[in-house]
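Asker: With chain A held as given, fit chain B onto it using these hints.
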Amino acid sequence: MNAELIFSLTIFALAVFLGFELIARVPTLLHTPLMSGTNAIHGIVLVGAMLVAGTADSTLEQVLAFVAIVFGTVNVVGGFLVTDRMLDMFRRRPDRPDRADRAE
Amino acid sequence: MTLPLALSQNTVNLVYAAAAILLILGIKRLSSPATARSGNLVAAAGMALAVGITLFSPGLDRYWLIAAGIAFGSVIGFASARMVRMTAIPQMVALFNGVGGGAAALIAAAEFHRLAPEPGGLAGDILAGIMFSALIGSISFSGSLVAFAKLQELLPGRPLTFPAQQVFNGLLFAATLAAAVAAAAAEEQVWMVALLVGALVFGVMLVLPIGGADMPVVISFLNAFTGLAAASTGFVLDNVALIIGGTLVGASGTLLTVLMGRAMNRSLANVLFGAFGAAPSGGGAGGAATADGQMVREITAEDAAVMLAYASQVMVVPGYGLAVAQAQHATRELADLLEARGVRVKYAIHPVAGRMPGHMNVLLAEASVPYPQLMDMEDANPELGRTDVALVVGANDVTNPAARSNPESPLYGMPILDVDSAANVIVLKRSMSPGFAGIDNELYSNPKTAMLFGDAKASVERLVAGVKAV
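Listed in order, the protein sequences are those of chains A and B. Heads up: the first sequence begins at 65 in our numbering, then just goes up one per residue. Heads up: the second sequence begins at 158 in our numbering, then just goes up one per residue.
Hints in this document: simulated from the structure, not taken from any laboratory. All figures in this text were calculated on a predicted structure; none of them were measured in a lab. Relax, there's no trap hidden among the hints.
FRET-style restraints, in silico, Cβ to Cβ:
no., chain 1, residue 1, chain 2, residue 2, range
1, A, Glu68, B, Tyr569, 49 to 55 Å
2, B, Thr318, A, Leu73, 36 to 42 Å
3, A, Gln126, B, Ser231, 15 to 21 Å
4, A, Ala67, B, Thr318, 45 to 51 Å
5, A, Gln126, B, Gln166, 20 to 26 Å
6, B, Glu310, A, Thr123, 35 to 41 Å
7, A, Leu73, B, Ala426, 23 to 29 Å
8, A, Thr123, B, Pro564, 57 to 63 Å
9, B, Pro320, A, Thr123, 42 to 48 Å
10, B, Gln530, A, Phe71, 50 to 56 Å
11, B, Thr168, A, Ile70, 18 to 24 Å
12, B, Asn427, A, Ala67, 38 to 44 Å
13, A, Ile70, B, Ala191, 37 to 43 Å
14, B, Tyr569, A, Asn66, 48 to 54 Å
Covered stretches of chain B, going by a simulated chain A footprint (3 or more residues, C-beta under 8 Å):
no., stretch
15, 174-187
16, 204-211
17, 219-228
18, 254-268
19, 380-389
Chain A is nowhere near these chain B residues, computed Cβ spacing over 12 Å in every case:
no., residue
20, Phe325
21, Val338
22, Ala351
23, Thr457
24, Ala466
Glycine is no exception: its CB is placed at the ideal position from the N, C-alpha and C atoms.
Isolated chain A, as found in the complex (with noise of 0.2 Å):
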């Protein structure tokens, strides 16, 4: 094992104890929020794809890390919209004359 390997599986393991104890205390309401937010937070294979395409020789493993970034680009735009758009109903709840003026 080299200085670099035990490093990284050091913050692995912390990430791990503080991925748990982040969301421990979250109320049932914001379940699909926060779901789609860590979801949003997984597209940083984004900054992987990138690497990955910044080293590619051959055609085959540029077009591999094409789609990558592609994909990855994709999880972290529409993660973090998507996600936005479902807390925006929350924020409006007090004062909406549109919604209002249907309710009456």
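Answerer: The following block gives chain B in isolation, referenced to the frame of chain A:
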């Protein structure tokens, strides 16, 4: 071509650390109602920072390829997130999750192709990381696509099974693992291809036998899978941002999956390999429940409206039918009318009503339903005993008494809303077809229950007109 202002790896790593802090703060804020929206923005900022600084990584090349990929992906991601209807969000999350897993698998395949030509040239930890991302990423990709297809009703929601399925799946998984070991040992491309194909087929086979009612748990499970696959590519590429971001999702996604399973009183193993696979289909050879099942009482909207208008407490039980019909605004209007007449109106929210936990909260919030009127299952069940009319709007499996009483039922043991403890039950339903899990609901043949057939939104609107006319 290399950018002239490429930074040192240390500088890039420092910015990754800052980005990781933003991601952590983002998740933290996402788990509290008051800060959730800003949490999403903070996490997005962290992501933008991580992606942005990667462009300045030492030795990065092929900017045209990267730019084209990001531009193309942004258009697709933006358009699909903008145009999707709120009811279709669960399958959209499944789809976004799947492409993330696919990206991890593609990274593994590309790295293997680049590094493998010199046998023995790959360190053990890199090989392990490549195999793990290829395996988990592919399962997440194809599994998510099947979950999407089921929720979008491109595939039937009920469990799809065939004889000896468990045995087949077990052998398939063993063969896939063997391909991974062979690929790592021989470092030949053919084994990588076998691994990818095996994992893709296994992902499909894993999700096919799982019924619709369990799909939220499956999506959360695959979400955690994609997180771990992303973390694993971090080990391959020696990139700390990937390790932290992926692991956070892997860990929090696992906990979220457990929380959801707990709400349904089922272990993850039970969801993945369990009872639903053996579910009898809708019109199977007659048990006691199905014999009764033909006898249901229909009610007109006018009669139902009178019942509601003269009740002292009404409990609305929303489900996926409400979401599909976009009936949340009409339901709010009905509740407002009833409250104006002095009727107490509450909403009973089952933890997994709809197709995702919290799905009903999202939709009712969209219709500006006051949050204090929403009751979770623990509070709603005693309250249902004091309720005159339980109005079930497009909910099915979460109200099925078989979950309490019938050990033969695949739903047995799942906590449900005790709708049948209310004095009267009105069920708004499109037709007599069984629910998403493909199981008959004996609530409908209960003498207390009256059925109002039709599209949920149209039915609620007829009830609104009826209450106005009382």
